[in-house]
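> These are the residues of each chain, in order.
Protein chains: 2
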Amino acid sequence: MSLSASLPDLVAALPTGMVVTDADILAGYRQDRAQDPAAGTPAALVRPTTTAEVQTTLRWCAAHAVPLVTRGAGTSLSGGSTAVDGALVLSTERMRGLSIDSATRTATVQPGLLNAEVKAAAAEHGLWYPPDPSSFEICSIGGNVATNAGGLCCVKYGVTADYVLGLEVVLADGRAVRLGGKQIKDSAGLSLTRLFVGSEGVLGVVTEVTLRLLPPQPSACTVVGIFPSVSAASAAVLAVTEQIRPAMLEFMDAVSLNAVEDLLHMGLPRDAAALLIGQSDASGAAGQAEVALMQQVFESHGATEVFATDDPAEGEAFAAARRAAIPAVEKLGSLLLEDVGVPLPALPALIEGVAAISDTQRVTIAVVAHAGDGNTHPLIVFDPADADQTQRAQLAFGQVMDLAIALDGTITGEHGVGRLKKGWLPDQVGADVMQMTAAIKAALDPDGLLNPGVIL
Amino acid sequence: MSLSASLPDLVAALPTGMVVTDADILAGYRQDRAQDPAAGTPAALVRPTTTAEVQTTLRWCAAHAVPLVTRGAGTSLSGGSTAVDGALVLSTERMRGLSIDSATRTATVQPGLLNAEVKAAAAEHGLWYPPDPSSFEICSIGGNVATNAGGLCCVKYGVTADYVLGLEVVLADGRAVRLGGKQIKDSAGLSLTRLFVGSEGVLGVVTEVTLRLLPPQPSACTVVGIFPSVSAASAAVLAVTEQIRPAMLEFMDAVSLNAVEDLLHMGLPRDAAALLIGQSDASGAAGQAEVALMQQVFESHGATEVFATDDPAEGEAFAAARRAAIPAVEKLGSLLLEDVGVPLPALPALIEGVAAISDTQRVTIAVVAHAGDGNTHPLIVFDPADADQTQRAQLAFGQVMDLAIALDGTITGEHGVGRLKKGWLPDQVGADVMQMTAAIKAALDPDGLLNPGVIL
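Protein chains in written order, with the UniProt record's numbering: chain A, 1 to 456; chain B, 1 to 456.
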């Protein structure tokens, strides 16, 4: 193949050691957190530090028709950064530049920085970068942009797309373009910045991101409700969101509660059917009213215990418990990770339908959810050594997405389609939208080299 | 030409009277509020009421290679809905369907509804649609989507794109597609919903919009500052926005103040160099702190008078004065309307640069601004009967955009490029982005029939 013959050209064009072909190192870049056993083996790995090095890499890929998989921190839960046989993997892990501009309240960062590092740098300037995926301590900002990542505070503060003011992107042919900038409002030309957010590496490689920052989040009060049934909890979610816009409204079911308690030993209620964690960061009387409303709604929907605190550390302990769900449930077995979302009134039907699928397929499905915006994470647990159970888990994986589509929802609220969900995307969006997607992909990446197998 | 020969096919395919060729009626659909004297004369006008009728129209256009100009309420300030000779004008004015879904907190509307009608319908359900262009009482929601319209509250609450959850769009070949939906978060596939917002009718015809609604806006306190110089006022804007996120922060200069006072006789300070109107809708102590901060900043930046009120009617009177600026300044002569935006620290340089251009070209330029997000509206006044002055006004029009580009800003923050600003778009975004734009346009509208002459 052309790659091995021409790889020396790329090695020579980049700084010494930037191109890696060591099989042991490459093995660590095959899979992402989706742990797809079908992951391919890349031909080489490039770890650039500059936009110019990314351009050199993409020009070489274009010249030699070598596919490229862009990888951030490798935390994709949908196989978005799973390697493809013979591809070049471009890891952004060494692109770690950052500058904060207090005057424009923006952060301009390279994609390899972790979300938590951006948050910390903003905080040093008395500013706040809101999007907070549960994996914020280990996921990269480039991956957040690629998937339009969400998180816990997004029910009030929006998702990654709401904070991306500008991008630098290297296109399939190696050209680098700037989209948007530090200006807050911009209606000049097509919204290419917004098109690239969530495009999962199939349209270009993001090499710099300009993020809008906010003043610090006001301190939040937390309301926790313990429910005797998942339906009572999901009905309470609707009753809250119809009346206020909480700063957080998270759901955990019994399986996830017990898995987290096994991991963290923090005294979570093991016999609860569901837990809701609400937060209000409104100030003064408005905040008190939101807290009182959540308490009252939880109680009137049958919560057996309702607990409110204005201690940030106590509130954070519950949020941390929620964020620990995926690593905790991973202790129970291998996971197929769902990210289905529905319009809020369909949330109870989604959660009940997932339980029915769990029963039918005889697989454990833990459910956690960013309940306030209808985005749920059913986590399907299976033993890969048990072929029959694995098959039932895979059936359940598709049935959960089918259910979300039937409820006018989405197969992915914040993780992206990746490689694992693309089979369901046409069912959600339809053939015409798939054709539009392919046409735009072909317009920007005519040889189809960028992240092949993702979305399309 | 093919149009006149085949027009009877379209007439026959649509309900009686839906296709209009009466010259007197067509004359009213040549121009929009940009009043471009170079507007063309359309061959016919179609006023559909349903998506199916829009599809019929676009299929006919595709079959006969007839260009189509989509028009909402005709309030474009950049010539986005100016007619083209021989084109079909599709007016959405009769597409006025609306439904509010309180459970999902969404409005699903046809594009011809006015922004104010959407706001009013939401309010009837105790909900709020935030985006508030100054023209909100006369502009259509379809036009708002086409331009990614902003407004006064956008400094805190974001622009139209932040509220569009879903679209129905008829493509150039007549296919109707649904993008997004009522789910709040959606990372499934390319962000086509976001691509279509702000695409100014060049990628398709929006036939339905699903908008996110919020709980009602809390009542706001208003702080007004009267400044002896525009530089003092713009410095105060920066000092406010570095510390808080106000719910409104508007700027008016002396020309616009006097023009509005001539129109409204409300006692505005005729001898002020500039006026700032700030609002806080934070509740309780947080709101009091924001009001106190704006008062203190205005005073410390040399305001000769600072006035604060928690009376919503008084606050609205100042906002209404600001919104009246364009119609008021129109009384002084014909206008070339700018919409330039810059990163906030460059706001003083932009406002001072516009004054210098006004001096050099010897034309009056009134300046109003959504100052809190760096988006300004220099209004260039000229007498079209004075050829020399007209030429100088046109030079000033370009120089203001050149200045914004030099300050790393944008030629349009919320009005769109339309036909009047497209000459400056390449200078802002560069040749590569123009090529990407053309490639995406060609992918979705290969015959280039949709809103020709806009953006590209």
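The set of hints was computed from the structure by calculation and includes no laboratory data. There may be inaccurate statements among the hints.
Claimed, not checked - Quick list of the computed label-pair ranges, beta carbon to beta carbon:
| # | chain 1 | residue 1 | chain 2 | residue 2 | range |
| --- | --- | --- | --- | --- | --- |
| 1 | A | G398 | B | H125 | 50 to 58 Å |
| 2 | A | A13 | B | Q435 | 19 to 27 Å |
| 3 | B | W128 | A | D262 | 41 to 49 Å |
| 4 | B | G28 | A | E352 | 54 to 62 Å |
| 5 | B | P215 | A | A438 | 37 to 45 Å |
To be verified - Which stretches of chain A does chain B cover? Using the computed rule of at least three CB atoms under 8 Å from a CB of chain B, they are:
| # | region |
| --- | --- |
| 6 | 20-32 |
| 7 | 238-252 |
| 8 | 340-351 |
Said to hold, decoys possible - Taking lysine-lysine and the DSSO-like style, the derived pairs with C-alpha atoms no more than 30 Å apart in a straight line are:
| # | chain 1 | residue 1 | chain 2 | residue 2 |
| --- | --- | --- | --- | --- |
| 9 | B | K422 | B | K441 |
| 10 | B | K422 | A | K331 |
| 11 | A | K331 | A | K422 |
| 12 | A | K441 | B | K331 |
| 13 | A | K441 | A | K422 |
| 14 | B | K331 | B | K441 |
| 15 | A | K422 | B | K331 |
Fair warning: this is a prediction, and the values are worked out from it, not measured in the lab. Even glycine gets a Cβ: it sits at the ideal position worked out from N, Cα and C.
> A separate judgement is required for each hint: does it hold in the structure or not?
Here is how each hint holds up against the structure:
1. In this structure the supplied range 50 to 58 Å is violated for G398 of chain A paired with H125 of chain B, their Cβ-Cβ distance being about 37 Å.
2. Distance hint check for A13 of chain A and Q435 of chain B: the Cβ-Cβ separation is about 25 Å, which falls inside the suggested range of 19 to 27 Å.
3. For W128 of chain B and D262 of chain A, the hinted distance range of 41 to 49 Å is satisfied, since their beta carbons lie about 44 Å from each other.
4. Between G28 of chain B and E352 of chain A the beta carbons are some 55 Å apart, a value that agrees with the proposed interval 54 to 62 Å.
5. Under the hint 37 to 45 Å, the C-beta atoms of P215 of chain B and A438 of chain A, about 40 Å apart, fit the expected range.
6. By the rule of at least three residues with a Cβ nearer than 8 Å to a Cβ of chain B, the coverage given for the region 20-32 of chain A is violated, with 0 such residues.
7. Three residues within the 8 Å Cβ limit are the bar, and the region 238-252 of chain A against chain B gives 6, so the coverage statement holds.
8. By the rule of at least three residues with a Cβ nearer than 8 Å to a Cβ of chain B, the coverage given for the region 340-351 of chain A holds, with 5 such residues.
9. Using a Cα cut-off of 30 Å, the hinted pair K422 of chain B and K441 of chain B holds, with the two alpha carbons roughly 15 Å apart.
10. In summary, the hint linking K422 of chain B to K331 of chain A is not supported, as the alpha carbons are separated by about 57 Å, beyond the 30 Å threshold.
11. Distance hint between K331 of chain A and K422 of chain A is fulfilled; the C-alpha atoms sit about 27 Å from each other, no more than 30 Å.
12. Proposed proximity of K441 of chain A and K331 of chain B is contradicted: the alpha carbons are some 49 Å apart, above 30 Å.
13. Distance restraint check for K441 of chain A and K422 of chain A: the Cα-Cα separation of roughly 15 Å lies within the 30 Å cut-off, and the hinted pair is therefore satisfied.
14. Restraint check: the Cα-Cα separation between K331 of chain B and K441 of chain B comes to about 39 Å, which exceeds 30 Å; the hinted pair is violated.
15. The straight-line distance between the Cα atoms of K422 of chain A and K331 of chain B is roughly 57 Å, outside the 30 Å bound, and the hint therefore fails.
Of the numbered hints stated above, those contradicted by the structure are hints 1, 6, 10, 12, 14, 15, listed in ascending order.
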